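Q: Chains W, C and D are the protein sequences, given in the same order.
Heads up: the first sequence is residues 1 to 263, going by the numbering used here.
Heads up: the second sequence is residues 1 to 263, going by the numbering used here.
Heads up: the third sequence is residues 1 to 263, going by the numbering used here.
Read the hints as simulated data drawn from the structure, not as lab findings.
None of these values were measured; they are calculated from a predicted model.
Treat the hints loosely; a few may be bogus.
[Unchecked claim] Straight-line alpha carbon distances no greater than 27 Å define the calculated BS3-like cross-link-like pairs of lysine-lysine that follow:
(1) 68/C with 29/C
(2) 59/D with 29/D
(3) 68/W with 255/D
(4) 23/D with 59/D
(5) 59/C with 23/C
(6) 23/W with 59/W
(7) 177/W with 59/W
(8) 255/C with 23/D
(9) 29/W with 255/D
(10) 177/W with 177/C
(11) 29/W with 59/W
(12) 59/C with 29/C
(13) 59/D with 177/D
(14) 29/W with 68/W
(15) 68/D with 255/C
(16) 177/C with 59/C
(17) 59/W with 255/D
(18) 23/W with 68/D
(19) 68/C with 23/C
(20) 255/C with 29/D
(21) 68/D with 29/D
(22) 177/D with 177/C
(23) 68/C with 255/W
(24) 255/W with 59/C
(25) 177/W with 23/D
(26) 23/W with 68/W
(27) 255/C with 59/D
(28) 255/C with 255/W
(29) 68/D with 23/D
(30) 177/W with 255/C
[What the hints assert, rightly or not] The following residues of chain W were derived to be distant from chain D, with all beta-carbon distances above 10 Å:
(31) 46
(32) 130
(33) 139
(34) 159
(35) 209
A virtual CB, placed ideally from N, CA and C, is assigned to each residue, including glycine.
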Amino acid sequence: MSDGVLIERDAALATVVLNRPDKLNALDKAMWGGVGEAFTMLDADLEVRCVVLRGAGEKALGPGADIKEFETERASAAQAAEYGALMHRAMNAIGDCRHPVIARIQGLCIGGALELAVMCDLRISGQSARFGIPVNRLGLVMSHEEMAGLIALVGRSTTLEILFEARIFGAEEAMQKGLLTRVVPDDDLDAELAAMTERVCAGAPLVNRWHKAFANRISRGLIQGEQLNDFERSEGFSCFDTEDFREGYQVFLEKRAPEFRGL
Amino acid sequence: MSDGVLIERDAALATVVLNRPDKLNALDKAMWGGVGEAFTMLDADLEVRCVVLRGAGEKALGPGADIKEFETERASAAQAAEYGALMHRAMNAIGDCRHPVIARIQGLCIGGALELAVMCDLRISGQSARFGIPVNRLGLVMSHEEMAGLIALVGRSTTLEILFEARIFGAEEAMQKGLLTRVVPDDDLDAELAAMTERVCAGAPLVNRWHKAFANRISRGLIQGEQLNDFERSEGFSCFDTEDFREGYQVFLEKRAPEFRGL
Amino acid sequence: MSDGVLIERDAALATVVLNRPDKLNALDKAMWGGVGEAFTMLDADLEVRCVVLRGAGEKALGPGADIKEFETERASAAQAAEYGALMHRAMNAIGDCRHPVIARIQGLCIGGALELAVMCDLRISGQSARFGIPVNRLGLVMSHEEMAGLIALVGRSTTLEILFEARIFGAEEAMQKGLLTRVVPDDDLDAELAAMTERVCAGAPLVNRWHKAFANRISRGLIQGEQLNDFERSEGFSCFDTEDFREGYQVFLEKRAPEFRGL
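Turn these sequences into a full structure, and let the hints steer you where they fit.
A: Structure below.
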């Protein structure tokens, strides 16, 4: 994997780092590929219980795609479609990763960096972070696949506000717009993130994975169209045959803390 | 019907009571069935103009499903699917009930109780109420059908926040998350609920029913797919042939209060 | 076009005025037709970069449809369906207009006026504006097509709250409900609107148009169903072949302001 994307591990918690701090973690083509690879690898790792996406350093999750690279890598519609496919693969790898994924946001969270954060399940941000997608100032569009995640999160009108006005705005406004799960003082960001990941890891891991899978199916409209197959529908009750459910149930009756094993 | 679910009537206002106050209204299997029966019965009663769902006593709408019963009633995936079918029928009976349905929330509103509240059209809560769905601490999943209503109300990301973190949170946060229509001081809950039901009952009842039916069709994606049949589409204009429209129009011109009869 | 609807032009900014100030801009049948015509004309005008919808005078965007006209124009379901088709055409012409559309709201924004505002992409309102859709007091329904835009903006539950309770509420509450993009002091409304339209017009116009087209396709569920045709999908990368992208890119490197020409 490119040096531009690192995976750190601390027991069941994995952290994916956008690692180009001298460029504020601007995403070059190799890094888009690396994000896709990292989340695909972590998806297959059943020891993982939670994944955090963050930027190296404290100045930025990122300013978005590396604009200097446009001349060589996105110089025509055909070349841009190839580059776009890498972006979409990275974004889908986050959305499809079976584990809960949390974006840790500090400093700049602009363009492609915000798009990656939007694909995470939860987003926690320091109070001084800055947000925006000012691509219309570059003559650049957000493709359908990129826009779909933003519309799913904040709706059509807020999406168009962000894109049409191209303003850079703060974390409180981002929270009001529905872009964030939580805003905390900058100094508390790591402690609050740790509390969040601990709460997530304290849940039965199979349950968290089923919940994400169910939410993805519902968001894709599969429920309303009644297109779930029998196996998918039965998954709504598979937990009752797991050891973790036996544990959770006993623990509840005995008023002690559960020890879930993912079985 | 089970003693665990009561129906009270006050003219056009019906109240469905989760009635097991010694267990904080924990829902047992018979009560899930009773909720489904109650809303199905009320749906058929054209004298009704508004339905309230509440818990007996002032301590809780409910803590959710009765966990003690899991050993006998949800001991395997197969048995749980049967139990689940009863839950889904109860939830659908609220969503499909043709009348406006309002949840009155005080005290605990956890798990299955919150799921029932989510299926109501409006939700009014006292300030000290407490919310959450901490099922991953039990090794238990929320099925697709249960999750669909929550995602429709607050979106995919907030749903996953509630399920992954399993936190218990207060009414102000529930309001910010989009779970509630209105939060009021505990002491004002009944007066504010009465004002709400009076406003709902003051509307032409056929209009309220059409609006709910239209909203359900739109939420199920029927409009965008242009799958409405001719009768359903014509219902958008049926009101112009009603006596209540004649009344409403005359009253507007004469500046007096309307007396709607549901005809 | 009817005198009831005017188009004003100031370079790339067009303003559609609901022009019946002696009736607070109540919409009569000719005006519904005029709104549809105005937005269809502006859609075809590629010199336009932004459209504002406003009411004449400072007292109202409008109180909704002209109720006095119901006796002659909406006296039966059949006649109402004809009138409804004009309303739906007006609303769709705003949603389908290729340019960014902003509603300027002051004073009353009730019924059909709010429905038109909801179809605009962004909505800016003075603090003292008043909102509501109290049609159930008239025995009147909002048709499926009218309700679909409201549900897309604020969801099923808030839509039913507005329709069932029929309350008139202020701009802060409208903002919290998700009905508005921005609320500003009444005295600042025109300055804030001007800043908003300047930001929109500063973006590459082709990009703004693509973004609106993509958002419309996504909102109609075309992405999730993978029903985009090859041309529509390729539009996600067409910008890379435009002169405005060359300009935007050069400008970024040279740190000067772009001059976009829509080419």
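Q: All hints are to be evaluated individually against the structure, with a verdict given for each.
A: Hints and how they fare:
Distance hint between residue 68/C and residue 29/C is fulfilled; the C-alpha atoms sit about 11 Å from each other, no more than 27 Å. As the CA atoms of residue 59/D and residue 29/D are separated by approximately 21 Å, the hinted pair is consistent with the 27 Å bound. Straight-line distance between C-alpha atoms of residue 68/W and residue 255/D comes to about 13 Å, which keeps the hinted pair within the 27 Å bound. Using a Cα cut-off of 27 Å, the hinted pair residue 23/D and residue 59/D holds, with the two alpha carbons roughly 10 Å apart.
Distance restraint check for residue 59/C and residue 23/C: the Cα-Cα separation of roughly 10 Å lies within the 27 Å cut-off, and the hinted pair is therefore satisfied. With a CA separation close to 10 Å, the supplied pair residue 23/W and residue 59/W stays within the 27 Å bound. Of the pairs offered as hints, the one joining residue 177/W and residue 59/W holds, with about 23 Å between alpha carbons and a cut-off of 27 Å not exceeded. Using a Cα cut-off of 27 Å, the hinted pair residue 255/C and residue 23/D holds, with the two alpha carbons roughly 17 Å apart.
Taken as a hint, the residue 29/W and residue 255/D pair is honoured in the structure, with Cα atoms around 23 Å apart against an allowance of 27 Å. For a cut-off of 27 Å, the pair hint linking residue 177/W to residue 177/C stands: about 12 Å separates their Cα positions. Between residue 29/W and residue 59/W the CA atoms are separated by roughly 21 Å; this keeps the pair inside 27 Å, and the hint holds. Between residue 59/C and residue 29/C the CA atoms are separated by roughly 21 Å; this keeps the pair inside 27 Å, and the hint holds.
Proximity of residue 59/D to residue 177/D is assessed by CA-CA distance (about 23 Å); at most 27 Å being required, the pair is judged to hold. For the hint pairing residue 29/W with residue 68/W, the CA-to-CA distance comes to about 11 Å; that is within 27 Å, so the pair holds. Taking the CA atoms of residue 68/D and residue 255/C, the gap is about 13 Å. The hint holds against a cut of 27 Å. As the CA atoms of residue 177/C and residue 59/C are separated by approximately 23 Å, the hinted pair is consistent with the 27 Å bound.
Between residue 59/W and residue 255/D, the direct Cα distance comes to roughly 22 Å. Compliance with the 27 Å bound is thereby established for this hinted pair. With a C-alpha separation of about 65 Å, the suggested pair residue 23/W and residue 68/D falls outside the 27 Å cut-off, and the hint is violated. Proximity of residue 68/C to residue 23/C is assessed by CA-CA distance (about 11 Å); at most 27 Å being required, the pair is judged to hold. The straight-line distance between the Cα atoms of residue 255/C and residue 29/D is roughly 23 Å, inside the 27 Å bound, and the hint therefore holds.
Our distance criterion of 27 Å between C-alpha atoms is met by residue 68/D and residue 29/D, whose separation comes to about 11 Å. Taken as a hint, the residue 177/D and residue 177/C pair is honoured in the structure, with Cα atoms around 12 Å apart against an allowance of 27 Å. Only pairs whose Cα atoms come within 27 Å are accepted, and residue 68/C paired with residue 255/W is accepted, the gap being roughly 13 Å. Under the criterion of a C-alpha separation no larger than 27 Å, the hint pairing residue 255/W with residue 59/C is consistent with the structure, at around 22 Å.
Taking the CA atoms of residue 177/W and residue 23/D, the gap is near 36 Å; set against the 27 Å cutoff, the hint is violated. Simply put, residue 23/W and residue 68/W have alpha-carbon atoms about 11 Å apart, close enough for the 27 Å limit, and the pair holds. Our distance criterion of 27 Å between C-alpha atoms is met by residue 255/C and residue 59/D, whose separation comes to about 22 Å. Among the hinted pairs, residue 255/C with residue 255/W is inconsistent with the structure: their alpha-carbon atoms are about 63 Å apart, more than 27 Å.
At roughly 11 Å between alpha-carbon atoms, residue 68/D and residue 23/D fall within 27 Å of each other, so this suggested pair holds. A threshold of 27 Å between alpha carbons decides the hint, and for residue 177/W with residue 255/C the separation of about 41 Å lies outside it, so the pair is violated. No Cβ of chain D approaches the Cβ of residue 46/W within 10 Å, the least distance being about 28 Å, so the stated non-interface status holds. Residue 130/W, annotated as away from the interface, keeps every beta carbon of chain D farther than 10 Å; the closest lies near 16 Å.
For residue 139/W, the requirement that its beta carbon stay farther than 10 Å from each beta carbon of chain D is not met, with the minimum near 3 Å. A cut-off of 10 Å between C-beta atoms contradicts the statement that residue 159/W is not in contact with chain D; the least separation is 6 Å. Residue-level check passed: residue 209/W sits 22 Å from the nearest beta carbon of chain D, beyond 10 Å.
Of the numbered hints listed earlier, those contradicted by the structure are 18, 25, 28, 30, 33 and 34.
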